[in-house]
Amino acid sequence: MIPAHNEAESIEGVLNDIKSQLKDADILVVNDCSTDDTAAKVRACKGVKVLNNPFNIGYAMSIQAGIKYAKRHDYDYVIQMDADGQHLASETHKLLEACITKNVDIVIGSRFKKKTGYKSPFFRRFGTRLFEGTVKIFTGKRITDPLTGFQCLNKRTIDYYAEPGNYPEYPDAGLIIEMLMKKYKIIEVPVSMKQREAGVSMHSGIIQPIKYMVTQLYTCVIIFIKYIGRTK
Amino acid sequence: MSNIPFVIIAVLVILYILISIRKNKLSVSASFGWFMFCLVMLFFAIFPTSLDWLAFEMGISYPPTLFMVACIIVLFVSNFRDDRTIDELKQKVNDLSQEVSILKGEKDDKK
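So the sequences go chain by chain: A and B.
Counted the way the working numbering counts, the first sequence spans residues 1 to 232.
Counted the way the working numbering counts, the second sequence spans residues 1001 to 1111.
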């Protein structure tokens, strides 16, 4: 499942990569009201299912739309990937295999679990460290790449995320804390990633990353307060 | 002696609320808080000495301060409630949008 907003330059390559690596998988693109040729490029790829949001609802809500689709169609696993070409389809096997064999709810593809030579921008690096520490403090578990969108979810997680209000606007570290506090099993597997192929990251610039980090930190604290002491 | 300008303002606001309800621009439940606020404002405008008495009882030496603080609290609560409502509506709009995109996607799948 791939949420996409104005990713016309990279989406075709991403879809072809997935089709060549995952022959039996159903591919779903959630087009978040792109204003470029993303929708046309997706339509041109045969066998790819597409959800077109009637207006722009954002990254997180687009992911939830895809998850709701998966729940309605009774899928057992969902692999979530970004449309910018950073996530490699060849690495999805690792996520799915870990999810099945280790019987966990969420598998996160981490680019920092092992040294892979991946170079991330300063704010991304800083944010990753900051939220790695935040998750560790609040849950005791070390998640080396809490900001990645490269994840595999099992049916239990799909059912939970698909419920209205259960998928937050800022899903990353806050959602990991929530799921860990709700006793969902989360593990990381090391994966390789590429640099963004094209387009502009939603966290580019200076103001956006700072705003994101402050909001995400606030979310983590509130989520911790919300679920502390709860058994269910 | 009553405070005529405030009596006029309170009466006009009450009339505006009633007209809005009649035109279906404002629901009865949403109007309740504002209506009560206007009645309190009308009471203090007709009996301004009661505000002096209340301020004195509360240890406030300058009675208009009590009125201002009360207004600020009412506006603060109203704003907070509005934010909550907007958030709930946003969630519902997102849910509807997701539903629309899924149904359209399923329709396209069947083609």
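Hints may contain errors.
[Unchecked claim] Taking lysine to any residue pairs in the SDA-like style, the calculated list, with each CA pair at most 20 angstroms apart, reads:
no.: 1; chain 1: A; residue 1: K46; chain 2: B; residue 2: K1090
no.: 2; chain 1: A; residue 1: K113; chain 2: A; residue 2: L96
no.: 3; chain 1: A; residue 1: K49; chain 2: B; residue 2: K1090
no.: 4; chain 1: A; residue 1: K19; chain 2: A; residue 2: E91
no.: 5; chain 1: B; residue 1: K1090; chain 2: A; residue 2: N166
no.: 6; chain 1: A; residue 1: K49; chain 2: B; residue 2: L1075
no.: 7; chain 1: A; residue 1: K71; chain 2: A; residue 2: K113
no.: 8; chain 1: A; residue 1: K185; chain 2: A; residue 2: R72
no.: 9; chain 1: A; residue 1: K46; chain 2: B; residue 2: I1102
Treat the hints as calculated values from the structure; they're not laboratory data.
* Hint numbers the structure violates, sorted upward? -> 1, 3, 6, 7 and 8
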